Amino acid sequence: MRERQAAQQARRAREFQSFVAGAAGRLLHAATLLTGERSDANPRARALLTAALAATYASWDKLRGEDPYDRTRTVLVVRFARGAWRRPRGRAGLLARLSPQERLVLVLRLYEGVAEEQTAALLGLPVERVRVLCARAVASVLHPPRGPAPAAPGMPPGTLGKAASS
1 MRERQAAQQA RRAREFQSFV AGAAGRLLHA ATLLTGERSD ANPRARALLT
51 AALAATYASW DKLRGEDPYD RTRTVLVVRF ARGAWRRPRG RAGLLARLSP
101 QERLVLVLRL YEGVAEEQTA ALLGLPVERV RVLCARAVAS VLHPPRGPAP
151 AAPGMPPGTL GKAASS
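Residue numbers 1 to 166, in my numbering, belong to the letters of the sequence shown in order.
Treat the hints with care, as some may be off.
If you anchor each label on the Cβ, the simulated ranges turn out as follows [to be verified]: (1) R4 x R136: 52 to 60 Å; (2) R131 x E3: 53 to 61 Å; (3) V138 x E117: 14 to 22 Å; (4) Q17 x H143: 38 to 46 Å; (5) S59 x E128: 29 to 37 Å; (6) R4 x A81: 49 to 57 Å.
In short, the hints are calculated from the structure, not lab data. Note that the structure is a prediction, hence the values are computed from the model and not measured. C-beta: ideal position from N, C-alpha, C; glycine also.
Modelling step: build the complete structure from the supplied sequences, incorporating the hints.
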């Protein structure tokens, strides 16, 4: 009996290691996009992925035909959503200017290719809200806000608006 349990545990470990070897890179990239960290310095993304993989491993025998990638991605998204609202937003990068909810929608819809309906169900939002969040996030990424207008030659900065309003 112990031999059979040991064989099952060894098989489970091999299956999980194989899954991680194939999926960890893409999942880490998704976690990095969610956290808004740089890809070369992403401790929050790595911790998020580690927790998601641990949860997947804990339920590995219960998956019964469920795609482990989808399961891990779901855990990743839910863990990010639960913790993201309490974390400071002191990050730099293209996606850092987006709200956590916009990043969630953008990563799920565009990077992961999850349908609007599935994204809405996963996040507990109406489909129309997912559509609006995605459109707003894409617009914000494609057309970032510009810095202050340059001053006219010979005028000190900040006086252009004052001269025009006088």
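Evaluated hints:
Between R4 and R136, the C-beta spacing of about 54 Å keeps the proposed range 52 to 60 Å intact. Checking the proposed 53 to 61 Å range against R131 and E3 shows it holds: the Cβ atoms sit about 55 Å from each other. Distance hint for V138 and E117: a CB-CB separation of about 19 Å, consistent with the stated range 14 to 22 Å. The hint said 38 to 46 Å for the Cβ distance between Q17 and H143, and at roughly 43 Å that hint holds.
At about 32 Å, the beta-carbon gap between S59 and E128 stays in the expected band of 29 to 37 Å. The given range of 49 to 57 Å is broken by R4 and A81, whose C-beta atoms sit roughly 40 Å from each other.
In terms of the numbered hints stated before, the structure departs from hint 6 and from no other.
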